[in-house]
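Participant: Each protein sequence line maps, in turn, to chains S and Y.
Residue numbers are given in the working numbering: position 100 of the first sequence equals residue 100, and the series is strictly consecutive.
Numbers given in the working numbering equal positions in the second sequence, counted from 1, plus 1000.
In short, the hints are calculated from the structure, not lab data.
The reader is advised that the hints may include incorrect statements.
Restraint-style ranges between C-beta atoms, simulated for each label pair [as the list claims (entries may be wrong)]:
#1 Y:Tyr1059 with S:Arg149: 27 to 35 Å
#2 S:Leu6 with Y:Tyr1010: 23 to 31 Å
#3 Y:His1045 with S:Glu130: 36 to 44 Å
Only a predicted model underlies this, so the values are computations on that prediction, with no experimental measurement involved.
By construction, the Cβ of each residue, glycine as well, lies at the ideal position given by its N, Cα and C atoms.
For reference, the chains in residue letters:
Protein chains: 2
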Amino acid sequence: MDQSKLQQHYSQQYNTELEEVRTAVLRMGGLVEQQLERALSALQHGDSSQGEVVVANDYQVNALDVDIDDRCTTIIARRQPTASDLRLVMTVIKTTADLERIGDEAKRVARMAIRLSASDHGRSLFLQLEHLGDQVREMLHGVLDAYARMDVDQAIKVAHQDKRVDAEYENVLRQAITYMMEDPRSIPLILDVIWSARALERIGDRCCNISEYVIYFVKGKDVRHTSLDQMEKEVNA
Amino acid sequence: MDQSKLQQHYSQQYNTELEEVRTAVLRMGGLVEQQLERALSALQHGDSSQGEVVVANDYQVNALDVDIDDRCTTIIARRQPTASDLRLVMTVIKTTADLERIGDEAKRVARMAIRLSASDHGRSLFLQLEHLGDQVREMLHGVLDAYARMDVDQAIKVAHQDKRVDAEYENVLRQAITYMMEDPRSIPLILDVIWSARALERIGDRCCNISEYVIYFVKGKDVRHTSLDQMEKEVNA
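Looking at chain S on its own, in the form it has when it is part of the complex (with noise of 0.2 Å):
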């Protein structure tokens, strides 16, 4: 081969690399919505089999987490991936970081799915979960799509649906409270309900994070810790 080939022959496999990282996420994206789908239902149908199929299959999880991780440190020390080429490298370095911790948020879910799973307390509460539930799947199911096309519209679409998980978050806690009150024996397993709704409203968090470095990717800014206002301003600029 010549130089020019080889070049050639060089950058296609550099953009294969990068390609394969980029790609690998959304697989990693793909096995997380699974685990959080299975741990909702688990949840919904008092199925701990299912719930423990989560907690068994979480290694997965942290297994890409490794691997993708390690491929990025072996393209920046043998690419030297600058501008865009570096951005998407740290995009799916940070990305696959709270992927990985989405994952422990479905497991916890999962372990509170069995052990909700043997009670009939507390269901009507259940209810309010499952609804908060599917608004954290829908937010990641979008921020794996903004991701995919690495869409900021889409982004900003997430980052809004996370106020509502907020408010919805803070409902289920307060109809938990009332609940404890009016019958304190069922404090151990309504804890267990609120570490769930917790576990769920720190999923809509880290799905907004990615949000954030789908944005540094495409507009090469840096939205973290910035108000949504100031993330739109830079979305729209």
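Dock chain Y against chain S, hints included.
Facilitator: Relative to the frame of chain S, chain Y by itself:
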């Protein structure tokens, strides 16, 4: 300047940049320690004004997070680090992210301290919380020390401390549940105690994360998602 002098100058500047981000993390760590210290003091003395200082100062932690991250990306783009230089930069990026979240947890504790300062209820639980707070503060101090000296033995020590923190947290939780069942009117207040305990427990987890990054830097091995035994094996390898 001749070529070799230029080269030397260039490499000195590079070393300075690396050293600067390394120490910026320590500055950020010092600030986060102060935030935690103050939040715990606010809790202990029922001093809401100290709690408010913590909430007001959180933006400084966030600003350091964005600044250090930005400097790391610039180093990667301009200096194209490899081997241990690259590991250092990756360690800095990840440590910063966890410190930022420790700052968030300290802010949560401070918010609870502000709410709890209005009440005399549940003071006996506060003592337990103080004990947990002391342990977590020690962990944070220890892990910053491990980072400063890139000391893997100290990092392992911190990981061990986390086991005790988790046990202490479970302890607080059990007592809080008993307290709530005995006096249901105290539920909203005791929930704030529980949130504070949870935030402290999470800080312990994040200290463990930083321990893992220190081991990654020194040993070149990613020990996340492994057991404490495996971590020790890697360190002694």
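Participant: So, for every hint listed, does it hold in this structure?
Facilitator: Results of checking the hints against the structure:
Between tyrosine 1059 (chain Y) and arginine 149 (chain S) the CB atoms are about 33 Å apart, so this pair conforms to the stated range of 27 to 35 Å. Hint check: leucine 6 (chain S) to tyrosine 1010 (chain Y), Cβ distance near 28 Å, so the stated range 23 to 31 Å holds. For the hinted restraint 36 to 44 Å between histidine 1045 (chain Y) and glutamate 130 (chain S), the CB-CB distance of approximately 42 Å keeps it satisfied.
Hint compliance for this structure: every hint is met.
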